[in-house]
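A.B. asks: Hints in hand, dock the two standalone chains.
Just so you know, the protein sequences line up as chains D and V, in that order. Under my numbering, the first residue of the first sequence carries the number 1, and numbering increases by one thereafter. Under my numbering, the first residue of the second sequence carries the number 1, and numbering increases by one thereafter.
Simulated from the structure, these hints should not be mistaken for laboratory data. Check before you lean on any hint, since a few could be wrong.
Which chain V residues face chain D? A few, computed with CB under 7 Å, are given here [said to hold, decoys possible]:
1. A74
2. I79
3. K81
4. F101
5. P108
6. V110
7. G218
8. A220
Computed footprint of chain D on chain V, listed as stretches where at least three residues anywhere in the stretch have a Cβ under 8 Å from a Cβ of chain D [claimed, not checked]:
9. 60-71
10. 200-209
Glycine included, C-beta positions come from ideal geometry on N, C-alpha and C.
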Amino acid sequence: MTVGARGNWDFVLPFRGGKLLGLVLVAYAVATATVLFQTVTQNRILTPAVMGFDSLYVALQTALVFFLGTRDLANVDIRLRFVLETVLMVAMSMALFHWLFLSRQRSLHLVVLAGLVFGVFFRSLSHMMQRILDPNEFIALQDMLFASFNAIDRQLLAVSTVIVLVTAWVSRRLLAKLDVLMLGRDAAINLGIDYRRVVMMLFAVIAVLVSVSTALVGPVTFFGLLVASLAYQAVGTDRHKYTLPAATLVAVIALVGGQTVIERVFGFDTALSVIIEFTGGLAFMLLLYRNLKR
Amino acid sequence: MIEIQNLTKRYDDATVVDDVSLALPESGITAIVGPNGAGKSTLLSMVARLIPSTSGRVLVDGLDVQETPGAVLAKRLAILKQNNQVGMRLTVSELVAFGRFPHSGGRPTVEDERHIDEAISYLGLDDLRNRFLDELSGGQRQRAFVAMVLAQDTKYVLLDEPLNSLDMKHAAAMMKLLRRTADDLGRSITVVIHDINFASIYADHVVAMRDGRVMLQGGAGDLMQEAVLQDIYDTVVQVREVEGHRLGLHYL
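So here's chain V without its partners, still in its complex pose (with noise of 0.2 Å):
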């Protein structure tokens, strides 16, 4: 489990994630929704220790994410931010196995070739491994990047924003894939993502943030619901059921 704690980031003297105190289950979708700027990043950015919180902690598995050393979280828990560049031309099995990098230290053994070529098929890029990274569309390239970090093999599996740039089919697809690989692998994957209607139709638990503040947590149910929508996207949205999902219809 990841234990968040009073997790506060300050800069100069605007708030970004205001005393957080969460908990990120061991397996399943956890969506963490609000509007821009509610600090859905920053808080992960925290969790995977890429940026220092101000104050609080958090505990992987009760590992502390600023004492531990890197490369003993590197096995527990892996983190793809929104934005990818690369400064270097990388095939995508290249890329792929730098996710091996926290076990093999750059020397990939057998084992290590192994899970590079089943996040590869995972992810359907078997046609594609050897082509560079520069070569590939957007969704293409997206898939690589987070095959890269199933192939880190970790428990939990962070992802900032998976389906931006990623056009309709794509986007349904990445989060089926998702979801396939909570329910095969057993993984936990903690996803910041902008549309509530995957949020609703695919996670189990969800986070709604609103001003650095966690606003709501728990199912899918409880975030589709039109005064709470309300209350977090300070705007409407109308609420519909279709073939047992909930959507927000916030076109209108």
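Bound conformation, chain D alone (with noise of 0.2 Å):
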């Protein structure tokens, strides 16, 4: 935070604070929500991207300008948005899951394929909308959908915090009956968890995870799955208590780590997420390399 400062520090503080916060929480968010998700669905190549969670956030986002306009969105307090959109990202992917699971007995290779499956419809109806959208109010949803590690919404910062501290209070309640679920749904069972309501309060956690994540700084899922392979290499055992703090780390490290180097060593000149792809992508040789070796 303190790395090359110069000038006021009455302004370098709240700035470089509010940027460190929104980092850390972001970090957060996507390594949590990536290690829950993987733990459901027993999956360590799934993230909750692959089932269209930041797409329904994107189309959802598109759909409010599409259909009230920017100018009366502008009216809104932002934070009252975020809010009323989490909700509502909550509610609907509640509505989807508990329409796929409850509903009748269903595996859940078939809720993954249905996530993909609507994560393309998503997207595709985003695209649509956007496409008979007045360019104008395009411009601004543009705006407001490629956020990045340099613009973190500072406005959400308050709201976000609080909510992440919310879904890590019901995480880690939830931490021993998370290892009891890789033992797969019968073993579950048996040993007493009430599967259904248990997937369904991950799956909703998971949702406001990756709202808060996508509303901070925009998609980054590539990432989750990044950490979360870390993180399970790095401690050696699959116990949450352990993952869970090791994937939000590993994940820390890397962003803020990444964002130092991206603006001290290379002057803003590139993107932070080229750098993770660059890195994550040679640990992911290297990981594969070790295995082949073993």
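C.D. replies: Written as structure tokens, this is what we have:
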């Protein structure tokens, strides 16, 4: 935070502090959402993005602009809008999963496949609405959607912090049950877990976390896969007591470290996502290589 | 006692379990036998609330399994299914420790540790307790899962084909172990089993199913009759007596 700081501290501290808080929030949200999602689906390759969670959020925002117009939207407090969008997002994803899960006994794989299809559907829907949008409105929408790590939405920080703390409390309470979920549905039910309720709660937490990270910096989800795999490798156990904090830590290091490198070494010349994809790719190849040798 | 009342399971228009009423006793070994597709595993899964029934109900000591909280049932009833793929890397003792979850809620006490150790030694896994599951043979892994179910310390234990993927030696050892568990620890063990001879030798009660219906319930002697077996399996099975046990020969 203090690297290369010159000038007025009254400006530097809140400016950089806000940015740091934003990055930490995003890191936590992405890492936790991915680990929880991989636990529920018992699959180490899936991420919430695959299930169309963030395209749902994008579709939601597009629909808001499409039906309400930017002028009306601009009059609404951005924090209120964010909370409303998150609530809507959770409600929609819960409805989706309720229908998929509870109307009939369905396999998780079917649910995931349906998620893939829904993801494409929501993306196409957003594109279609964006095509027929007024060009001025479209620019405003683009501005909302293509947030980046440099331009974290500061007004949302306080709300996001509160929301993230609530989800952290919920996932902490579920910590022991999360380990049991890794044994699979039948074993979890056998051990007395209210499977349906716990899974729905986790999906709600995931939906909230995806909303937070998407609202703050836009869709970044390859990142989740990367930090989750690195965390599993690093801690060498699958206990959530260790993997959840580890994934968050890896994510914080990657985001804050990456952002520092960009600002100080590359002089804002490049995007953080590029750096993350680059180092992520290298780390991934290293992991593959090590597994091959074993 | 587990009471099964008019239990039915239908998938679209296929009826897998058809109006089954049964009572599983409080002690001893009950073997559920029958040809493939008779609905044995489905019945067991419904009893253990893993799948909902289309109609009918199951009472475990008077508690309806669909309405009783899962955590309450988990202290009375344990089930082990046949395919046990675990999505995480676990050692034997970590796996067995999961069996204590209904009692410990994830924070094992001294009492829980004692149950874990007992279950591990009961299944002769002391030397393997720190080995990872993916480093074990099929038989050893099966024993580890049985240890987990025993550590759960429930009156009723349901096992879905526990002899699957076990060779002759290990299959017989597993049945002896279940016999010992039922006798020494007073558990009620229900097994779905394919080999009628194991049922004949080790089970106290036998339930035979075909096409989703119960064809017979009674002692092993009632099952091991040539006419009865032909009725259930649709194939000729000769029955011979060897050292006081009635054995079916279906190889001829």
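A.B. asks: Each hint needs a verdict: does it hold in this structure or not?
C.D. replies: Results of checking the hints against the structure:
This hint holds: V/A74 has a C-beta 3 Å from the nearest C-beta of chain D, less than the 7 Å allowed. Interface restraint check: V/I79 against chain D, minimum CB-CB distance 5 Å, threshold 7 Å, status holds. Checking V/K81 against chain D by beta carbon gives a least distance of about 5 Å; that is within 7 Å, so the hint holds. Hint on V/F101 holds. Least Cβ distance to chain D is approximately 5 Å, under the 7 Å limit.
With a cut of 7 Å, the hint placing V/P108 at the interface with chain D is violated, because the nearest CB-to-CB distance is about 10 Å. Because the smallest distance between the Cβ of V/V110 and any Cβ of chain D comes to about 18 Å, over 7 Å, the interface hint for this residue is violated. With a least beta-carbon distance of about 29 Å to chain D, the hint placing V/G218 at the interface is violated under the 7 Å criterion. Look at V/A220: its Cβ only gets to about 28 Å from chain D, farther than 7 Å, so that hint breaks.
With a threshold of 8 Å between beta carbons, the proposed coverage of the region 60-71 of chain V by chain D holds, since 3 of its residues qualify and at least three are required. With a threshold of 8 Å between beta carbons, the proposed coverage of the region 200-209 of chain V by chain D is violated, since 0 of its residues qualify and at least three are required.
Of the numbered hints listed earlier, those contradicted by the structure are 5, 6, 7, 8, 10.
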